[in-house]
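J.: Chain A is already provided as a structure; the job is to place chain B on it using the hints.
If you read the sequences in order, they're chains A and B.
Start counting the first sequence at 1; every next residue gets the next number (my numbering).
Start counting the second sequence at 306; every next residue gets the next number (my numbering).
The hints are simulated quantities; they were obtained by calculation from the structure and are not laboratory data.
All of these numbers come straight from a predicted model, not from anything done at the bench.
Simulated crosslink set (DSS-like; lysine-lysine; CA at most 25 Å straight-line): (1) B/K517 / A/K244; (2) A/K216 / B/K549; (3) A/K115 / A/K64.
There are 2 protein chains.
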Amino acid sequence: MSIIYDRVALIGLGLIAGSMSLAMRRAGLAGRIVGTARSAETREVAREIGLVDEVFETAAEAVKDADLVVLAVPVGAMGSVACEIGPHLKPGATVTDVGSVKRAVIRAVAPHIPKGVHFIPGHPLAGTEHSGPRSGFAELFDNRFCILLPPEDVDAGALADLRALWQGMGANVEEMDPDHHDLVLAVTSHAPHLIAYTMVGVADDLRRVTDKEVIKYSAAGFRDFTRIAASDPTMWRDVFLNNKDATLEILGRFTEELFALQRAIRTGDGDYLFEYFTRTRDIRRGIIEAGQDTEAPDFGRIGKK
Amino acid sequence: MSIIYDRVALIGLGLIAGSMSLAMRRAGLAGRIVGTARSAETREVAREIGLVDEVFETAAEAVKDADLVVLAVPVGAMGSVACEIGPHLKPGATVTDVGSVKRAVIRAVAPHIPKGVHFIPGHPLAGTEHSGPRSGFAELFDNRFCILLPPEDVDAGALADLRALWQGMGANVEEMDPDHHDLVLAVTSHAPHLIAYTMVGVADDLRRVTDKEVIKYSAAGFRDFTRIAASDPTMWRDVFLNNKDATLEILGRFTEELFALQRAIRTGDGDYLFEYFTRTRDIRRGIIEAGQDTEAPDFGRIGKK
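Isolated chain A, as found in the complex:
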């Protein structure tokens, strides 16, 4: 593959930005990759492991002369980062982000992007429960989706380049509008995360079952919840605060369904339970057929951290 951007600036050097750097290098998509992070420790680790070609102290310095700027900070920090870099962006450059919610990010970032700079929001649907500059790996986006949310008046060339970048990093690119994105993600990601956090919290609180027992017997189903519930607290706090309406709507539906199932348990309605569980099993089969998971022993996770 050939170079798409001469100079890429990554703002934030966590799991996603780090993996982008390694994936861009793997495919030779960028001439030079620079980056910055708010924490001095993160910058130091990134330098030590050579995560990017050059680490700057501030976002304003990092974006200078960059053809592509990637905002890879928690959703709640996007606005202030955009404000800081706005005046330093190169005319004709593209700015994108990797935030998990889109309406709120667009509202926070768009006002700071000067005329002549292309802002094309994005969201790669990929991640692990690990975070920080050491958690990235080049294969994170392979065969995963990256959703782009181009504005109506998007520059066709800028969009084509960003699509090519994500495809070059291994992702399948889809386009969506921000409202629909936030609803779909509330269902497939945000609500499941909050539910997993809740269940892990309940287990921790229960006085009659010791922590030791919960941990010891976790393989019985609980383990998958703890994996989800180990994700970065700052990132997830910001996701829920910034996708409030869609998340609360889905949680409302969830509570309704849960109450119906609880009632079936209480009244001994075995048919209701059996039919419900049979239906959910079919959804699993659909996911395996869609190639987003596998029947294989390792659940398709080999080579991933």
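T.: Leaving out everything else, chain B in the frame of chain A:
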């Protein structure tokens, strides 16, 4: 290792019984392993793949002369199977089961066990989302826990043999009383399963997000829920109907916590969310330290189905 039981009879030939047969063979723990299943199709598959040494048409025939009888049928079927085999059990034999709830199983099975036969309930904490005679594998119990629930007047020799069998199949054996077992499992397994079923059901029901989208973007957290929610519907129906009180208690606590988190989202209480998510992350670390999961790329699932 040497033979512990000359003849073992497996009643039910699904994931657990099949894996037990393969694990006993791996370690040479049984002289002869026979089995039966209610469905003719299951019996035929078991014969075809040689899952056990001999397949009988009925449970009454299968248990004849058996030194160990393992009840590996759905929890709701335990009572009638015990009723059927009771008169055919060999004096001095041991009967155990692998049901996921224990109070209800003991209540259903114990009255049918004749004097001179040792009934020692059990529950191996191991499984996958697959079921049926082809789903078993010898490594299923390796480094997993098996809980035994011996009655107060248990025969010491019979208990020692059953412990040795499970250890020989790779498991770590623990003892517990039935009430506490049912509460611990409600937290670590039954409630998480019901919650996963519920979330998958919500996603399926939602009119404004297509099934195709849910499936396509499932890698964003939802995927782990669908794996849990693909488990055997009959088994899980019976679990909830037979561990009603403990499950409903935990779900009540879960709903309380979920409402508190929903309120924090609605009111924008970021500190509450951040602290909650930080606490749940620590629990995950405890599980990895306890050896019940791993940081490794495959999540410790290599070699498992």
